[in-house]
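Based on the provided sequences and hints, a complete structural model is requested.
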Amino acid sequence: MSQNYIHPDAKIGKDVIVEPFSYISGDVEIGEGTWVGPNVTIMDGARIGKNCKIFPGAVISAIPQDLKFAGEVTTVEIGDNTTIRECVTINRGTVDRNKTTVGSNCLLMAYVHLGHDVSVGNNCILANSANIAGHVTIEDYVILEGIVAVQQFVSIGAHSFVAGGSLVRKNVPPFVKAAREPLSYVGVNTVGLRRRGFSNEAILQIEDIYRTLYVKGKNVSTSLDIISLEAPESAEKTLILDFIRNSEKGIIRGPLAL
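Just so you know, the sequence shown maps onto residues 40 to 297 in the working numbering.
Some clues are possibly wrong.
To be verified - Computed Cβ-Cβ distance ranges for the label pairs, DEER-style:
#, residue 1, residue 2, range
1, Tyr-44, Pro-271, 38 to 44 Å
2, Asn-285, Lys-255, 21 to 27 Å
3, Gln-104, Asp-247, 41 to 47 Å
4, Asn-137, Arg-284, 24 to 30 Å
5, Lys-53, Ile-186, 34 to 40 Å
Unchecked claim - Lysine-lysine pairs mimicking DSBU-like chemistry, simulated, CA-CA at most 35 Å apart:
#, residue 1, residue 2
6, Lys-89, Lys-209
7, Lys-216, Lys-257
8, Lys-53, Lys-138
9, Lys-255, Lys-216
10, Lys-50, Lys-138
11, Lys-255, Lys-288
12, Lys-209, Lys-276
13, Lys-53, Lys-89
14, Lys-255, Lys-209
15, Lys-138, Lys-216
16, Lys-209, Lys-288
17, Lys-255, Lys-107
18, Lys-138, Lys-107
These are computed hints drawn from the structure, not numbers from a lab.
C-beta atoms are modelled at their ideal positions from N, C-alpha and C, and glycine is treated no differently.
Here's what the structure looks like:
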């Protein structure tokens with residue numbers, strides 16, 4: 040008698056290892072080379088990429104913790120080379136986005152929770168006990184330190200860094216470091232940007248943009264007009280302006296508004 044349960048309809052790729060006492064439902068797809076540790080539960084709707092590592096106690100694609108959920112067919116979709124540590128929980132989507140997604144090359148440390156309809160980009164690190172409510176968007180290369188809690192419908196921009204223990208109630212723009220309570224801009228994530236190959240010129244431009252937005256004492260609308268007219272054109276400038284202009288929930292406050 041097998042020590043684990045794999046439904047005969049589950050699509051299991053080549054060289055997948057499933058350790059004892061794990062449960063895999065029928066509407067599940069697991070890419071080649073993935074390791075599923077002991078005591079893992081993978082429920083209907085899971086779509087897991089290649090060469091992932093899933094540690095004991097993880098529960099992937101359980102139904103949403105949303106009282107409005109009516110049994111609709113939705114998924115959890117996880118990219119390649121992503122590591123999911125002990126006791127991580129990832130709920131599947133609802134009618135809002137129909138799926139909860141995690142990109143490739145991510146690390147979700149122990150006890151991370153992703154609520155329904157969350158979107159996590161590529162190359163993200165969510166440290167221990169980060170709790171992400173439903174409908175949150177986390178863009179590429181984001182780092183959340185331990186015990187960060189993110190309110191529903193919040194967006195966190197690419198290459199940003201959120202300090203441990205933070206409560207994220209407003210959108211966090213790209214390329215920034217955020218800390219304190221209430222959560223505030225505390226600088227540009229220069230260390231992370233250098234590690235990822237951003238030039239000194241690009242980093243200086245990002246710093247100039249945020250100096251205009253957060254330090255010079257103008258309101259957000261006026262600051263955006265100044266940045267649009269005066270800052271040199273670049274992909275980083277476009278990303279920042281588009282993110283802030285589309286932030287219906289508003290962005291985190293500046294360092295002087297404490």
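Here's how the hints hold up against the structure:
Checking the proposed 38 to 44 Å range against Tyr-44 and Pro-271 shows it is violated: the Cβ atoms sit about 58 Å from each other. Taking 21 to 27 Å as the suggested C-beta distance range, the pair Asn-285 and Lys-255 conforms, at roughly 23 Å. At roughly 43 Å, the beta-carbon separation of Gln-104 and Asp-247 lies within the given 41 to 47 Å, and the hint holds. The hinted window of 24 to 30 Å between Asn-137 and Arg-284 holds, with their beta carbons roughly 26 Å apart.
At about 38 Å, the CB distance of Lys-53 to Ile-186 agrees with the hint of 34 to 40 Å. For the proposed pair Lys-89 and Lys-209, the alpha carbon gap of about 34 Å is at most 35 Å, so the pair holds. For the hint pairing Lys-216 with Lys-257, the CA-to-CA distance comes to about 20 Å; that is within 35 Å, so the pair holds. Distance restraint check for Lys-53 and Lys-138: the Cα-Cα separation of roughly 25 Å lies within the 35 Å cut-off, and the hinted pair is therefore satisfied.
Simply put, Lys-255 and Lys-216 have alpha-carbon atoms about 18 Å apart, close enough for the 35 Å limit, and the pair holds. This hinted pair checks out: Lys-50 and Lys-138 have alpha carbons roughly 19 Å apart, not beyond 35 Å. For the proposed pair Lys-255 and Lys-288, the alpha carbon gap of about 22 Å is at most 35 Å, so the pair holds. The suggested pairing of Lys-209 with Lys-276 holds, with an alpha-carbon distance near 20 Å, which does not exceed 35 Å.
Between Lys-53 and Lys-89 the alpha-carbon distance is near 10 Å, which keeps this suggested pair within the 35 Å criterion. Distance check on the hinted pair: Lys-255 and Lys-209 sit about 21 Å apart at the alpha-carbon level, within 35 Å; holds. For the suggested pair Lys-138 and Lys-216, the alpha carbons sit about 29 Å apart, so the restraint of at most 35 Å is met. Between Lys-209 and Lys-288 the alpha-carbon distance is near 6 Å, which keeps this suggested pair within the 35 Å criterion.
At most 35 Å may separate the alpha-carbon atoms for a hinted pair to count; Lys-255 and Lys-107 exceed this at roughly 44 Å. Distance hint between Lys-138 and Lys-107 is fulfilled; the C-alpha atoms sit about 15 Å from each other, no more than 35 Å.
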